[in-house]
Amino acid sequence: MRSWLAPRKEEKVVRTIFLFITILSVCLLAFIVAFILKHGLPVLSWDFLTRNPVEMGKEGGIFPTIIGTVALTLLAIIIATPIGVGTAIFLTEYTTEGRLTRIIRFGSECLAGIPSIIFGLFGFILFVTKMKMGWSILSGGLTLTFMVLPTIIRTSEEAIRFVPKAYREVSLSLGGTKWQTVFRVVLPAALPGIATGIILSIGRCIGETAAVIFTAGSALRLPTSLFSSSRTMSVHFYILAREGISMSQAYGTAAVLIISILLINVVTYSLMNRFLRKYS
Amino acid sequence: MRKLKGKERLIRLSLLVVAFSAISVLGLITLFIFSEGLPIMFRHGLKNFLFNLDWYPTEGSFGLLPMIIGSLLVTIGAMLVGVPLGLAGAIYLTQFTSKKVRVVVKPLIELLAGIPSVVYGFIGVVILVPLIRTYLGGPGLSVLAAAVILGIMILPTILSISIDSLMALPPSYREGSIALGATQWQTVRLVLLPAARSGVVASIILGMGRAVGETMAVIMIAGNATSLPRSILDPVRTLTSNIALEMGYASGEHRQALFATGVILFIIIMVLNTIANLTSRKMSS
Amino acid sequence: MILKIDTSMLVGYIFSLKPMEKKSVRNSSLPQAVVGGLVILICLIFTSLLSCARGSREGSLTVAGSTSVQPFADQWAEVFMHHNPGKVVNVQGGGSSAGIQAALTGAAEIGMSSRELKPEEKVLTEFVVAWDGVAIIVHPTNPVGNLTLEATREIFAGVITSWSQVGWVDRPIYVVTREEGSGTRGAFQEMVMGRTRIAKKAIVEDSNGTVREVVANDPYAIGYISLGLINERVRAVRLDGVEPRIENVISRKYKLIRPFLLLTAGAPQGLAADFIQFVLSEEGQALITKQGLIPGRLVNQEKKMPPEEGA
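Chains as they are written, first to last, in my numbering: chain A, 1 to 280; chain B, 1 to 285; chain C, 1 to 311.
Treat the hints with caution; some may be incorrect.
Stated by the list, open to error - Here are the simulated DSSO-like cross-link-like pairs (lysine-lysine), alpha carbons at most 27 Å apart as the crow flies:
(1) C/Lys253 / C/Lys118
(2) B/Lys47 / C/Lys118
(3) A/Lys58 / C/Lys255
(4) A/Lys130 / C/Lys122
(5) C/Lys118 / C/Lys255
(6) A/Lys165 / B/Lys99
(7) A/Lys132 / C/Lys87
(8) A/Lys178 / A/Lys165
(9) B/Lys7 / A/Lys178
(10) C/Lys87 / A/Lys130
(11) C/Lys253 / C/Lys201
(12) C/Lys122 / C/Lys255
(13) C/Lys290 / C/Lys255
(14) A/Lys132 / C/Lys122
(15) C/Lys201 / A/Lys130
(16) C/Lys200 / B/Lys47
(17) A/Lys9 / A/Lys38
(18) A/Lys132 / C/Lys118
(19) C/Lys290 / C/Lys87
(20) C/Lys87 / A/Lys58
(21) C/Lys200 / C/Lys118
(22) A/Lys9 / B/Lys99
(23) A/Lys12 / B/Lys47
(24) A/Lys12 / B/Lys7
(25) C/Lys253 / C/Lys200
If you're looking for bench data, these hints aren't it; they were derived computationally from the structure.
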């Protein structure tokens with residue numbers, strides 16, 4: 001392909017353009033975070049985090065939504081993790097690579113990419129309506145479990161598969177059983193990857209709105225049981241922002257959201273780094 | 001010896017049960033959506049569904065064409081924003097700067113990828129929509145707004161995976177090309193990009209998947225009109241927004257129509273995933 | 001698709017690291033502890049699920065539906081819970097049709113609607129708890145102060161497209177409407193549009209508050225919301241010369257008026273009955289009259305307009 005200008009000049013032009021574009025990208029993303037934090041940090045206070053909202057969120061705090069978020073995420077992760085990791089172990093260690101496993105893998109990959117609103121639709125029809133669980137933490141948590149399960153299966157699978165074969169061979173040759181090999185050699189080695197998948201799923205649960213608003217509902221009370229409806233922080237933010245109830249409260253909620261997710265991502269990175277340094 | 005064997009079998013069995021329940025549970029979703037959505041598609045005829053311009057669900061008219069076009073326009077717009085930004089950024093960070101810069105910037109951008117979509121939507125409403133309304137016209141809630149915000153949303157995906165694909169190339173590609181006297185840009189254009197093509201394409205496909213599936217941000221900034229947008233400044237409704245707006249009260253045929261929308265989205269994601277799989281398999285080999 | 005970022009991150013890290021060598025043999029107690037922990041966790045889940053199953057649903061009530069009724073339902077709930085400590089009332093939005101569906105399917109004990117029930121929905125028991133007006137709103141800087149019913153209809157149908165046709169600048173009119181399942185939209189459709197459809201090009205938002213926000217931010221927008229939810233950010237337009245004010249609604253000069261309904265499947269039982277009783281009591285009705293709603297009257301299935309003298 002013939003170039004426009006002389007190669008050296010072209011190089012310089014391209015370099016500048018690309019530098020500009022990169023800076024633009026970073027700035028756009030950083031701007032979003034900075035904008036929210038700039039308006040939201042002043043609103044944050046111990047009161048804001050621990051008090052109940054007043055007048056449908058116009059004033060007061062966001063305590064119930066924090067509890068709601070934690071409850072939903074916890075429920076989803078507690079159910080999805082053992083099932084997901086167990087499935088991954090089974091698919092990688094206890095079956096042979098064949099048509100069936102490929103289909104299953106493709107299936108869970110597709111499901112990992114399904115828009116969350118479809119999970120919301122599914123959860124609404126099945127849990128809220130047909131199974132009469134109503135708008136509740138239970139409906140929301142189960143829906144999130146479905147949403148997060150494919151991700152955990154896929155990431156755990158990848159992590160386990162990347163453990164070198166040598167590990168398994170050594171363990172077996174030393175007289176270990178299959179299960180001992182899996183549980184004491186392979187799993188610990190794959191732990192960084194598995195943990196990454198779990199922690200990023202937690203991040204996804206916290207930020208999820210579409211699936212949650214139709215299953216866990218939007219009641220702004222402190223949830224008292226699994227059958228209580230509860231608003232999560234992202235749903236609360238969504239409602240506050242679009243209805244113009246209180247911009248400052250909205251910014252505050254968004255700030256809490258962003259900070260928690262950023263913290264979670266930072267934890268993921270440092271966890272991975274720490275484990276890898278330990279092992280290499 | 002026998003005891004161990006028994007225990008091993010038990011473990012295998014319990015793992016089988018776990019895996020089976022997980023898979024059947026996931027299969028349940030697929031079955032549920034298809035079983036609710038397919039009948040109505042065949043009853044009304046695919047043509048009526050996919051090529052009908054009138055969405056009047058309470059009157060029994062389920063034309064999804066405006067929403068399909070809406071999703072298409074918004075996604076293509078998002079690609080036009082996200083791909084150049086992401087790809088150029090990836091090229092710059094892998095070829096034109098030092099490792100130190102990349103090691104700092106890449107995790108930073110991936111960190112920012114976790115921002116919830118409602119926050120993006122909010123920024124769109126508060127900053128972008130008024131800008132469009134004042135300087136470009138229209139109500140501001142438009143295809144353009146949705147495309148830009150979605151583009152920024154998928155930017156980290158494309159950037160991150162493109163960086164990984166470029167980094168995964170053997171250094172000899174780059175070194176050999178430079179040794180032959182090519183400039184860095186020529187190297188990128190003629191050697192590296194073609195070689196990393198599969199990974200880059202995979203990243204674009206996955207960004208597309210995310211753009212197609214986005215709901216909340218789009219509801220906040222696209223206007224949700226059921227008409228066919230005539231320009232990028234017109235309001236638009238996507239397939240996902242359609243489901244979200246009508247889900248709460250739809251019943252009977254209307255609800256089945258929403259499930260049918262779900263089926264369409266499912267198929268789109270399956271197609272995208274297949275393409276991504278095929279191209280990225282080339283990458284890892 | 002955060003997923004693929006994870007796996008590619010993994011791939012990146014794996015490609016970049018050297019073969020892993022374990023520094024020491026792991027102690028065997030960890031795996032056992034993990035398994036034990038998981039077993040305990042799963043047991044906890046089941047027991048809590050079982051124990052919560054019966055108890056909590058009896059002490060709690062879900063009220064779902066119209067976004068017009070929702071703010072008031074929330075206030076009723078607040079006071080009701082104050083009088084009845086230990087009981088919980090959850091208020092949900094979703095729109096009138098969603099509330100009707102919820103009441104029909106049992107997802108909610110009480111449904112809220114801001115429009116009349118359709119014939120096929122009449123299986124539900126209805127309680128008129130208030131009357132409310134629907135107001136046409138524009139941006140505060142919009143000088144158009146009065147619209148005829150026909151003009152309003154033609155604006156929302158997309159026939160009149162420029163503000164110059166109703167006495168302002170030559171700018172396009174941006175119509176904002178509610179989603180199809182909205183009671184407010186239903187009432188608007190019935191009383192203003194008649195058989196004419198609302199323009200396809202209209203911007204659709206799914207709650208009163210959101211419509212109000214859109215109109216408040218766009219000088220050339222027009223929409224309709226519940227009369228009780230108008231604030232200083234938007235201006236209500238006179239309809240056929242009549243100011244949308246509570247006095248005019250009571251005197252029936254202002255025509256756009258619709259009932260707020262609480263709906264139950266069959267006769268209300270237990271907590272639902274208590275709640276509805278509270279809403280219809282003096283205290284409950286006083287709560288909303290203060291805010292511009294007309295109190296409902298306990299009437300039978302035939303709903304009539306409020307008596308001429310009003311509250």
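Here is how each hint holds up against the structure:
no., hint, verdict
1, C/Lys253 / C/Lys118, "holds (26 Å)"
2, B/Lys47 / C/Lys118, "violated (31 Å)"
3, A/Lys58 / C/Lys255, "violated (32 Å)"
4, A/Lys130 / C/Lys122, "holds (22 Å)"
5, C/Lys118 / C/Lys255, "holds (20 Å)"
6, A/Lys165 / B/Lys99, "violated (31 Å)"
7, A/Lys132 / C/Lys87, "holds (20 Å)"
8, A/Lys178 / A/Lys165, "holds (13 Å)"
9, B/Lys7 / A/Lys178, "holds (10 Å)"
10, C/Lys87 / A/Lys130, "holds (25 Å)"
11, C/Lys253 / C/Lys201, "violated (31 Å)"
12, C/Lys122 / C/Lys255, "holds (24 Å)"
13, C/Lys290 / C/Lys255, "holds (21 Å)"
14, A/Lys132 / C/Lys122, "holds (22 Å)"
15, C/Lys201 / A/Lys130, "violated (35 Å)"
16, C/Lys200 / B/Lys47, "holds (21 Å)"
17, A/Lys9 / A/Lys38, "violated (42 Å)"
18, A/Lys132 / C/Lys118, "holds (24 Å)"
19, C/Lys290 / C/Lys87, "holds (26 Å)"
20, C/Lys87 / A/Lys58, "holds (24 Å)"
21, C/Lys200 / C/Lys118, "holds (24 Å)"
22, A/Lys9 / B/Lys99, "holds (24 Å)"
23, A/Lys12 / B/Lys47, "violated (53 Å)"
24, A/Lys12 / B/Lys7, "violated (67 Å)"
25, C/Lys253 / C/Lys200, "violated (31 Å)"
Violated hints, listed in ascending order, are 2, 3, 6, 11, 15, 17, 23, 24 and 25; each of the other numbered hints is respected by the structure.
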